[in-house]
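Per the numbering used here: the sequence shown ends with 297, consecutive numbering throughout.
Treat the hints as calculated values from the structure; they're not laboratory data.
Be aware that a few hints might be false.
[Claimed, not checked] With a Cα cut of at most 16 Å, we get these calculated EDC-like pairs of lysine to aspartate or glutamate: (1) Lys58 to Asp28; (2) Lys2 to Glu56; (3) Lys3 to Glu56; (4) Lys2 to Asp28; (5) Lys3 to Asp24; (6) Lys154 to Glu175; (7) Lys55 to Asp275; (8) Lys55 to Glu272; (9) Lys2 to Glu272; (10) Lys58 to Asp275; (11) Lys58 to Glu272; (12) Lys3 to Glu272; (13) Lys236 to Glu215; (14) Lys82 to Asp37; (15) Lys82 to Asp46; (16) Lys3 to Asp28; (17) Lys2 to Asp24; (18) Lys82 to Asp275; (19) Lys58 to Asp46.
[Claimed, not checked] Cβ pair distances, simulated, as ranges: (20) Tyr23 to Ser67: 42 to 48 Å; (21) Ser39 to Ser273: 51 to 57 Å; (22) Ala181 to Lys55: 30 to 36 Å; (23) Asp37 to Ala181: 32 to 38 Å; (24) Glu56 to Gly246: 52 to 58 Å; (25) Pro12 to Gly47: 18 to 24 Å; (26) Ala77 to Pro225: 34 to 40 Å.
Beta carbons are placed, not taken as given, at the ideal position from N, Cα and C, and that holds for glycine.
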Amino acid sequence: MKKLLIQIDTDPIPAVFDTVVGYDGGADHVQAYGGIDPSNVGPLVDGAIFTRAPKEKKFTALFVGGSDMAAGERLLAAIQEKFFANFRVSIMLDSNGSNTTAAAGVACMARSAGGSLAGKRAVVLAGTGPVGRRAALMLAREGASVKLTSRTLKRAQDAAAAIEQRFGLTVAAVEAADCAARARAIDGAQLVFASGAASRLLLEAAHWQENPTIEILADANATPPLGIEGVDMMDKGNQRGNGRNGKACWGAIGFGAVKLALHRACIAQLFESADQVLDADEIYAMARTMALCETRT
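Model the full assembly from the supplied sequences, consistent with the hints where possible.
Next up, the structure:
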């Protein structure tokens, strides 16, 4: 029985990245559809859940992607509403790589911290996009006190409200329109996760290298100039900074290896049973296990 992955994208053109990783994760065939929303997803779901016998349904899985996480969440909910009894297949949500990227980055930060981020003060810079929101969520799940910044307070508040509404966790909203404001936002923090747009500088080196409290930084941007000046995209927990103020740094490529391995592992897991929903919490649990296993080896 062939493993079929149905890639459902909220953007007009399905992401090639997700198609490639679908194959690398073990799918025998990936069928990608673009421009999908709750109004037109029904026939795709019907085709997935009505075509195979119950014991064979695990060989069909759905993947929801696209650049808009809110649209992806709405699509995930619409798909689940179509499921009933044992007429269901496993499904994964990873809009804009939000779950796998954030999970890999936060899990690697936990690895640098010796396995726990509980009680830490964390700041997610430019955190209103898909990756930033998920990073804020995962840091909060770890027990960190989290602030999320944006150039406008309204956008930060909207992102924080969305996290609280869906996941029941409180994240503080902070307006930080420029590097100086973001430097003030990280004052007193131990953890910094940068999740801004490509080629957008969020922090200058001087803003963090002499900061006495910062312990770990992660930058999800791999396109120069990077989000955090002084962090290398290849960093894998490298100590950077000045003397005793060295901080463990993770670059986008540095934790990107975990992200790719995680994405592939999630795809493989989809085909283990027909009743799985892989979203933020499930994907982060996998990432944490993978990152800590790397530490032990």
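Evaluated hints:
Of the supplied pair hints, the one linking Lys58 and Asp28 holds, its CA atoms being roughly 13 Å apart against a limit of 16 Å. The suggested pairing of Lys2 with Glu56 holds, with an alpha-carbon distance near 10 Å, which does not exceed 16 Å. The straight-line distance between the Cα atoms of Lys3 and Glu56 is roughly 10 Å, inside the 16 Å bound, and the hint therefore holds. A C-alpha spacing of about 6 Å is found between Lys2 and Asp28, which places the hinted pair at or below 16 Å, so the restraint holds.
Restraint check: the Cα-Cα separation between Lys3 and Asp24 comes to about 12 Å, which is no more than 16 Å; the hinted pair holds. Taken as a hint, the Lys154 and Glu175 pair is honoured in the structure, with Cα atoms around 8 Å apart against an allowance of 16 Å. Distance check on the hinted pair: Lys55 and Asp275 sit about 11 Å apart at the alpha-carbon level, within 16 Å; holds. Restraint check for Lys55 and Glu272: satisfied, since their Cα atoms lie roughly 11 Å apart, inside the 16 Å limit.
Annotation: proposed proximity of Lys2 to Glu272 holds, straight-line Cα distance about 13 Å (limit 16 Å). For the hint linking Lys58 to Asp275, the alpha-carbon distance of about 8 Å falls within 16 Å, and the restraint holds. With a CA separation close to 6 Å, the supplied pair Lys58 and Glu272 stays within the 16 Å bound. Proximity of Lys3 to Glu272 is assessed by CA-CA distance (about 10 Å); at most 16 Å being required, the pair is judged to hold.
Distance hint between Lys236 and Glu215 is fulfilled; the C-alpha atoms sit about 14 Å from each other, no more than 16 Å. In summary, the hint linking Lys82 to Asp37 is supported, as the alpha carbons are separated by about 13 Å, within the 16 Å threshold. Simply put, Lys82 and Asp46 have alpha-carbon atoms about 8 Å apart, close enough for the 16 Å limit, and the pair holds. Restraint check for Lys3 and Asp28: satisfied, since their Cα atoms lie roughly 5 Å apart, inside the 16 Å limit.
Proximity of Lys2 to Asp24 is assessed by CA-CA distance (about 15 Å); at most 16 Å being required, the pair is judged to hold. Straight-line distance between C-alpha atoms of Lys82 and Asp275 comes to about 13 Å, which keeps the hinted pair within the 16 Å bound. Of the pairs offered as hints, the one joining Lys58 and Asp46 holds, with about 15 Å between alpha carbons and a cut-off of 16 Å not exceeded. Judged by the Cβ atoms, the range 42 to 48 Å given for Tyr23 and Ser67 is violated: they are separated by roughly 21 Å.
A hinted range of 51 to 57 Å is violated for the C-beta pair Ser39 and Ser273, which are about 29 Å apart. The hinted window of 30 to 36 Å between Ala181 and Lys55 is violated, with their beta carbons roughly 57 Å apart. Remark: the range hint 32 to 38 Å for Asp37 to Ala181 is upheld by a beta-carbon distance near 36 Å. Between Glu56 and Gly246 the Cβ separation comes to about 54 Å, which falls inside the hinted range of 52 to 58 Å.
For the hinted restraint 18 to 24 Å between Pro12 and Gly47, the CB-CB distance of approximately 21 Å keeps it satisfied. Look at Ala77 against Pro225: about 38 Å separates their beta carbons, and that is inside 34 to 40 Å.
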